[in-house]
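**Q** Assemble the complex: chain Y is given as a structure, and chain B must be docked to it using the hints.
Which chain is which? The protein sequence lines are Y and B, in order. Using numbering that gives the first Met the number 0, you'd call the opening residue of the first sequence number 0 and step up by one each time. Using numbering that gives the first Met the number 0, you'd call the opening residue of the second sequence number 0 and step up by one each time.
Please keep in mind that the hints were generated in silico from the structure rather than gathered at the bench. Just so you know, not all the hints are guaranteed correct.
Here are a few chain B residues that face chain Y, going by a calculated C-beta distance under 10 angstroms [what the hints assert, rightly or not]:
| no. | residue |
| --- | --- |
| 1 | D40 |
| 2 | L48 |
| 3 | P98 |
| 4 | C107 |
| 5 | E145 |
| 6 | M147 |
| 7 | A148 |
| 8 | P173 |
| 9 | P174 |
| 10 | S177 |
| 11 | F199 |
| 12 | A207 |
| 13 | M210 |
| 14 | Y257 |
Note that CB positions come from ideal geometry on N, CA and C, so glycine has one too.
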Amino acid sequence: MKEIVIISGKGGTGKTTITASLAALWKNTIIADCDVDAADLHLLMQPLTKQTNPFYSGKLPNIDMNLCNECKKCIEVCEFNAIRNDFSVSKIDCEGCGTCAFFCPTGAIRLEDRHCGEWYLSETRFGPMVHARLGIAEANSGKLVTLIRKEAKQLAEKKGLDLILIDGSPGIGCPVISSITGASLVVIVTEPTVSGIHDMERVLGLTSHFQISSSVIINKADLNREMSQQIESVCKNCNIEVLGRIPYDRIVTKAMVEGNPVVEVDNGPVTQEIQSISHQIHNRLYSNQ
Amino acid sequence: MEFKKIIIAIASGKGGTGKTTVATNLAKTVTGQTVTLMDCDVEEPNAHLFLNPEIREEEPVDIFIPRVDLDRCTHCGKCSELCQFGAIVTIKDKVLVFPELCHSCLGCKRICPVEAIEDDKKAIGTVSMGFSESVRCIYGTLKIGEAMAPPLIQAVKKAGLSKKVSDLSIIDAPPGTSCPVIEAIKNVDFVVLVTEPTPFGLHDLKLAVGMVRILEIPFGIIVNRSTTGDRQVWHYCHKENIPILLEIPDEREIAEGYAIGKLMIDLKPEYKNKFQNLMNKIHQTIASSAKVIA
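Chain Y with its partners taken away, still in its complex shape (with noise of 0.2 angstroms):
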C-alpha cells in the first residue's frame, strides 16, 4: 500500500487545492484529510458522512470538592499552572500529565479520557474519505493525524484500495511528523517568495532527517522567475525532483469558490500542469518497485 502526503512548511501555498486536483485526477483513492487543525479539503470534496466518532486522547483531572481539603499541593506540583487558585482546571492550560492527580492526598482528582475531536468516514464523488476536526484550542493533533492514517489504511485494505492520498498541515512540528512518518513519498507545495523557499529548505530538513522520500510542486511558479530559479536549484543541490510548475491563475480562486478541485471545472495551464504532475507521481511511486 502506497501513502503519499502532500505538505508545504509554510501554510496557503496550495496544499489543498493540488490535494483536490489529484483526487479528483485518479479516483478510487482514499482521501485523507491530516490537516486537522483547519481541515479544508472537505470544502471541495463535499462529502457524505457515513461515520462520526469522538475522538479521545489524553488526560484531564476532574476535581471532586466534596474530597478536596484545599491543600493546594496539587497547583504546587503542576508545572503547568493549569489549576487555578479556586481549583478549577484550565482546559488550555492542562498538559494532562497527571501529576495533580498522583500527589493528592485526599483522592479528589480523577483523571477522565479528553474529548478532543471528531473524526468522520464518508464517500466522495471521487472515492472515500477520512477526516476530522480537532477541537477548537485542543491538542493531541499529532495522535489524531496518528489515527486518521490508521482508519485509512484500514479502508483501504477493506476496499481493495492501493493508494492512499493525504493533505497534510503547515510547519515542521507534531501533525507533519505524524502524518510523514514511514510514507511512500512526500510532496512538498512551495511558492517563489523568500518564505516559500526558506519554508520548503526547513521540510526538505525534516524529510531528510526522517528519510522518507520527497518531491517538490512549484505553485504560482511564474510569481516571480528569479525565486522559482532559486527553488530549482535548492532542488538540483539535494537532488530532489521537481515534478511541476503551476502557473498563477484566477481560475483556481474561482474553482475554490464553486467548491470544486480546479482540474474539474478548467483546460487550462494550471491543469495541464497538475495533470502531468499526476502521471510523475504515479510514474514514481509504481516505477521503482
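**A** Relative to chain Y, chain B alone:
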C-alpha cells in the same frame, strides 16, 4: 494620544493569509514608541526575512527530560505508572527514557521515592534577538525533527516580555487553532485575525474566532487579497458583529514585492497611513471592550 503598553497577536487559522505581512509592516509603521516583534511561528519563522534584523544574541532553548541514576533506582516503577506519555518505562531492572515523548511535567522526578531522577536537558531550538533599525526582533527556530513547539514559543515570549517591555509588542503567531497558537496568543491584549475572502479563508476564520472567544480576548479582522474570492467573509463579520480593521486588495505589485522580501509600506508608502489607522482602531477596540467588560 497617550497609550498604555500593549501586546497584540497576529493570528489566522488558515496559513498563508498574510500574518507576517501584517506583523512586519505594522512593526515598521509605528513611530514614537518602542516596538518589539516576536515571531512565534517557530516551526517556520519568516518575519526576519522581511526585517533583516542584525542578530546580537542567539540562545539555545532546552527543556527538562529525566535522567535516571541507576545506582539509586530501586525499579519500583512509580515514575512509569505516573507518566501519561509513556516517556519513562520500567522493565525489570531497567528504566528507559524516551525523550521525544516527554512533556517535561517533572512528575517522575517528584514521585520518585529515592530521588533517583536527575535533570537532563534536551535542546529544542534557539531564540534569536536583534534589531531592525529601531524595531526589536525576537524569533524562535524549532530544531528540525522536534515535535513540540509550545515550550519554544514560551521562551520567545519570555525573551520579549519579561524585562524592558516595549510600548507595542507584536506577536506573529503560527497558523491553526491548536496548542502552538494558544501558547502564542495567550495573555495578549488584542488579536488581529488575518483572513482571505475564500471558502478556505472563511472556514478557518470561524475556527479562529471560536478560539479567541474561548480565550476571551478582544479581536478584529483584516481581509487580505480583499478583491478576490467572494463576499462571504463580510457577511459573516457583519452577522457576528466583528470589526473589519483593514482591507488589503489583491495587487500583483504587493505579491511581487512579498516574493523578494520587500515590505508593503516601502513599496506603497500610502500603506503607512493605513497601518497607522489600524493601530488607532486596535486601541479604540481595546478601550471599548474594556468598557463592556467593566
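**Q** All hints are to be evaluated individually against the structure, with a verdict given for each.
**A** Results for each hint:
The interface hint given for D40(B) holds, since its Cβ lies 8 angstroms from the closest Cβ of chain Y, which is under the 10 angstroms cut-off. A least Cβ separation of about 5 angstroms between L48(B) and chain Y falls short of the 10 angstroms threshold, and the interface hint therefore holds. The interface hint given for P98(B) is broken, as the beta carbon of that residue sits about 14 angstroms from the closest beta carbon of chain Y, more than 10 angstroms. Because the smallest distance between the Cβ of C107(B) and any Cβ of chain Y comes to about 9 angstroms, under 10 angstroms, the interface hint for this residue holds.
At its closest, the beta carbon of E145(B) sits 7 angstroms from a beta carbon of chain Y; the interface hint therefore holds under the 10 angstroms criterion. The criterion of a C-beta within 10 angstroms of any C-beta in chain Y is met by M147(B), whose closest approach is roughly 6 angstroms, and the hint holds. The interface hint given for A148(B) is met, as the beta carbon of that residue sits about 5 angstroms from the closest beta carbon of chain Y, less than 10 angstroms. Against a cut-off of 10 angstroms between C-beta atoms, the interface hint on P173(B) holds, since the closest Cβ of chain Y lies about 7 angstroms away.
For P174(B), the interface hint holds, since its Cβ comes within 10 angstroms of a Cβ in chain Y; the closest pair sits about 4 angstroms apart. Given the 10 angstroms rule on beta carbons, the hint for S177(B) holds: about 5 angstroms separates it from the nearest Cβ of chain Y. Among the interface hints, the one on F199(B) holds; its C-beta lies about 4 angstroms from the nearest C-beta in chain Y, closer than the 10 angstroms criterion. Checking A207(B) against chain Y by beta carbon gives a least distance of about 9 angstroms; that is within 10 angstroms, so the hint holds.
Contact between M210(B) and chain Y, as hinted, is supported at the beta carbon level, the nearest pair being about 5 angstroms apart and thus within 10 angstroms. Below 10 angstroms, beta-carbon pairs count as interface contacts, and Y257(B) has one with chain Y at about 6 angstroms; its hint therefore holds.
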